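Could you put the whole structure together from the sequences, leaning on the hints where they help?
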Amino acid sequence: MINQSNKVLNTNITKLVNQTYQYGFSTNIDKDIIEKGLNIEVIKLISQKKQEPEFLLEFRLKAYKRWKKMLQPEWACLKFPQINYQDIVYYSAPKSQKKLNSLEEVDPELLKTFEKLGISLTEQKRLANVAIDVVFDSVSIGTTFQDELRKDGVIFCSISEAILEYKNLIEKYLGSVVPVGDNYFSALNSAVFTDGSFCYIPQNVVCPLDLSTYFRINDQMAGQFERTLIIAEKNSKVNYLEGCTAPQYDTNQLHAAIVEIVALENATVKYSTVQNWYAGNKFGKGGIYNFVTKRGLCSGSKSKISWTQVETGSAITWKYPSCLLIGDQSQGEFYSVALTNNYQQADTGTKMIHVGKKSKSQVISKGISAGQSKNSYRGFIKVTKKAVGVRNYSQCDSLLIGNSSNSNTFPFISIQNSTTKLEHEASTSKIGEEQIFYFLQRGICLEKAIELMISGFCRDIFTKLPLEFAVEADKLLTLKLEGSVG
Amino acid sequence: MNENLPMLEVKNLQVSINENPILKNLNLTINEGEIHAIMGPNGSGKSTFSKVLAGHPAYTVTNGEILFKGSNILSLEPEERSHLGIFLAFQYPIEIPGVTNEDFLRLAYNAKQKFYNKPTVDPIEFLKIIHEKLNSINMSPLFLSRNINEGFSGGEKKRNEILQMILLDSELAILDETDSGLDIDALKTISLGINDFMNSSKSIILITHYQRLLDYIKPTYVHVMQHGKIIKTGSAELAEELEKKGYEWLK
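Those sequence lines, one after another, are chains A and B.
Just so you know, we're using the working numbering here: the first sequence kicks off at 1 and counts up by one.
Just so you know, we're using the working numbering here: the second sequence kicks off at 1 and counts up by one.
Worth flagging that the hints you see were computed from the coordinates, not collected in a lab.
Just so we're clear, the structure is a prediction, and the values are computed from it rather than from any experiment.
The C-beta atom is built at its ideal place from N, Cα and C for all residues, glycine as well.
Check the hints yourself; a few may be wrong.
As the list claims (entries may be wrong) - Lysine to any residue pairs mimicking SDA-like chemistry, simulated, CA-CA at most 25 Å apart: (1) A:Lys448 to B:Asn18; (2) A:Lys430 to B:Gly85; (3) A:Lys448 to B:Gly85; (4) A:Lys448 to B:His83; (5) B:Lys114 to A:Asp474; (6) A:Lys448 to B:Thr120; (7) A:Lys430 to B:Asn18; (8) A:Lys464 to B:Asn147; (9) A:Lys448 to B:Phe143; (10) A:Lys430 to B:Gln113; (11) A:Lys464 to B:Ala111; (12) B:Lys69 to A:Lys448; (13) A:Lys430 to A:Asp460; (14) A:Lys448 to B:Gln113; (15) A:Lys448 to B:Gly234; (16) A:Lys475 to B:Asn147; (17) B:Lys157 to A:Gly432; (18) A:Lys448 to B:Lys202; (19) A:Lys430 to B:Thr120; (20) B:Lys157 to A:Cys445; (21) A:Lys475 to B:Gly98; (22) B:Lys202 to B:Gly246; (23) A:Lys448 to B:Gly98; (24) B:Lys202 to B:Ser75; (25) A:Lys475 to B:Asp103; (26) A:Lys448 to B:Pro97.
Said to hold, decoys possible - Estimated spans, in silico, between C-beta atoms of each pair: (27) A:Phe283 to B:Gly70: 40 to 48 Å; (28) A:Glu74 to B:Gly181: 31 to 39 Å; (29) B:Arg146 to A:Lys79: 53 to 61 Å.
The structure is reproduced here in structure tokens:
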């Protein structure tokens with residue numbers, strides 16, 4: 001009896017899943033690339049192309065040396081063929097002879113791409129109150145509203161620009177949260193990163209606009225290694241959004257990014273991501289390998305860093321946005337929805353390291369797995385000896401769709417202080433055929449049924465997203481699952 | 001619609017699941033304004049029959065026809081059958097976490113409105129409609145903000161089914177053991193709701209094990225189902241006889 005129904009369910013799941021990826025086009029533009037492969041010469045060339053100061057080249061070379069000695073981590077619940085790091089292009093930039101002064105000078109072909117993606121770099125974003133920095137393959141293309149932001153002393157630009165213009169800040173903070181040798185992928189990124197975003201909010205300033213970065217991998221052979229650094233000075237506040245897409249290729253592309261956030265005394269940084277990298281086709285061919293290190297440092301007292309992520313894309317996701325809660329009464333938050341379908345694999349979660357007294361953290365993770373996919377939550381809550389009065393609340397919910405998907409939870413807790421109050425809740429549920437039939441019998445179509453159940457499941461997280469992102473996320477999840485159940 | 005056409009005509013219906021035949025040559029005709037009670041021992045195929053009528057994908061119809069108001073519905077999707085007017089009150093209503101009853105009811109209501117090209121209602125308009133229905137079967141408005149059937153008692157779940165039936169106002173209601181697990185008071189309220197819903201242009205199939213429901217809802221016919229077919233049909237008195245004698249004597 002069950003077999004029969006499973007068959008029916010799975011056929012319909014397949015239908016839903018087969019929804020095509022709508023960002024899968026690529027753009028033909030003149031590119032400036034460095035030959036495949038990685039060695040000291042390539043790193044020197046990258047640094048030279050970007051006219052970087054000496055200290056950065058040293059930073060890169062140090063990272064490269066560390067990376068050479070490291071091994072790709074294998075503890076994650078992910079299976080993929082060995083990546084050939086010599087078969088990747090580490091620098092690919094749209095060719096432009098001179099430095100661009102305004103968006104009008106950007107290659108029209110490129111602007112068309114962003115139009116297709118629904119990103120307008122111009123006035124429209126102003127209405128939405130979002131300043132945007134766009135990174136295409138490895139290079140930042142344009143940052144909007146810089147002048148507007150500068151009035152408040154906010155710096156928002158590409159990291160390449162920051163390296164040249166705000167050398168002191170870069171020297172002080174780059175690698176201060178994620179040290180070059182932190183892990184295999186962060187070492188790789190530190191050695192070869194080509195661009196990314198930089199953001200500095202001065203003391204007592206509440207950033208007047210939401211800041212946003214948009215990442216796009218275009219080149220088939222290129223890896224994207226971007227680096228984001230956000231510094232929030234005392235009593236400042238900023239909302240940061242990040243979005244990503246890539247064209248559809250049969251080969252796997254590597255993406256290894258780093259995001260570092262520093263929040264000083266009483267500063268608040270809210271970082272939201274909607275990740276929609278190409279996930280590969282329904283047979284698991286192609287797609288982005290996404291190995292990202294995101295970490296926030298709450299160095300000042302009462303500082304707060306909040307990560308919200310909606311992960312729907314990538315063939316492989318390896319990502320643990322974390323908070324180092326050093327300041328007393330500092331707060332870390334992690335809200336996540338991770339959806340996997342077909343042959344996608346996600347191993348994602350967070351680390352909350354409590355050092356400050358009375359520091360607090362909250363973790364809410366929702367994993368949805370459909371098709372043949374694998375979805376794991378991995379969490380680490382650590383309370384150090386001197387951290388008195390720490391509070392943590394963690395909740396991990398998994399939702400399975402169909403009968404072939406897989407969901408795991410690996411919560412790890414280490415408490416060294418007896419005054420800690422910690423709660424951990426977990427649940428696993430399933431969208432089954434009987435639930436769907438219940439909707440259908442009442443005249444509600446399959447897509448709507450799934451949408452309702454998914455958005456119900458994710459409600460706690462979506463309420464944390466900025467409004468325009470919440471709508472997008474809701475739509476995205478439904479789209480991703482279209483045809484996948486029934 | 002042709003006046004003479006029966007609401008439901010089931011002809012030589014054979015159904016199997018994983019190649020195990022469950023229904024074997026089932027025949028049944030139900031006219032407008034009739035209430036048919038189907039009784040019979042456990043495992044005789046009553047629930048299967050109700051799900052097949054609603055179009056559950058797990059079952060395979062290997063032979064026969066199901067005509068609803070004269071047209072064959074076997075190729076129709078469950079939601080289409082629902083729109084056309086087939087309602088199934090489930091024996092075990094399933095819990096759906098994260099979705100509120102209110103959203104669910106409104107969506108169901110609007111889906112049907114849309115199907116008939118009627119205007120859909122917004123949440124505020126809907127509240128008015130649903131409150132009236134809630135009153136008619138003595139349900140608290142607090143039900144609306146709870147998730148569908150989540151943490152509902154057995155009685156509350158059954159009551160929720162009846163609420164949906166009244167809201168969608170379907171022509172053919174199939175009630176699969178709606179009386180099971182209800183206390184006397186709940187049974188009375190639900191029966192009131194069902195009688196209120198019933199009229200001369202509707203039909204009801206009552207699947208039940210107990211005579212007591214039939215004290216409140218008068219069936220036009222009583223059928224006994226065994227081994228996947230109807231082996232005996234009679235008037236309301238048949239149910240009383242079954243209550244006394246059980247099913248053995250029919251063999």
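Hints, verified against the model:
| no. | hint | result |
| --- | --- | --- |
| 1 | A:Lys448 to B:Asn18 | violated, 29 Å |
| 2 | A:Lys430 to B:Gly85 | violated, 29 Å |
| 3 | A:Lys448 to B:Gly85 | holds, 20 Å |
| 4 | A:Lys448 to B:His83 | holds, 15 Å |
| 5 | B:Lys114 to A:Asp474 | holds, 23 Å |
| 6 | A:Lys448 to B:Thr120 | holds, 16 Å |
| 7 | A:Lys430 to B:Asn18 | holds, 23 Å |
| 8 | A:Lys464 to B:Asn147 | holds, 21 Å |
| 9 | A:Lys448 to B:Phe143 | holds, 22 Å |
| 10 | A:Lys430 to B:Gln113 | violated, 30 Å |
| 11 | A:Lys464 to B:Ala111 | violated, 30 Å |
| 12 | B:Lys69 to A:Lys448 | violated, 28 Å |
| 13 | A:Lys430 to A:Asp460 | holds, 18 Å |
| 14 | A:Lys448 to B:Gln113 | holds, 16 Å |
| 15 | A:Lys448 to B:Gly234 | violated, 43 Å |
| 16 | A:Lys475 to B:Asn147 | holds, 22 Å |
| 17 | B:Lys157 to A:Gly432 | holds, 19 Å |
| 18 | A:Lys448 to B:Lys202 | violated, 29 Å |
| 19 | A:Lys430 to B:Thr120 | violated, 31 Å |
| 20 | B:Lys157 to A:Cys445 | holds, 22 Å |
| 21 | A:Lys475 to B:Gly98 | holds, 17 Å |
| 22 | B:Lys202 to B:Gly246 | violated, 30 Å |
| 23 | A:Lys448 to B:Gly98 | holds, 14 Å |
| 24 | B:Lys202 to B:Ser75 | holds, 23 Å |
| 25 | A:Lys475 to B:Asp103 | holds, 18 Å |
| 26 | A:Lys448 to B:Pro97 | holds, 15 Å |
| 27 | A:Phe283 to B:Gly70: 40 to 48 Å | holds, 46 Å |
| 28 | A:Glu74 to B:Gly181: 31 to 39 Å | violated, 53 Å |
| 29 | B:Arg146 to A:Lys79: 53 to 61 Å | violated, 42 Å |
Hints 1, 2, 10, 11, 12, 15, 18, 19, 22, 28, 29, counting from the list given before, are not met by this structure.
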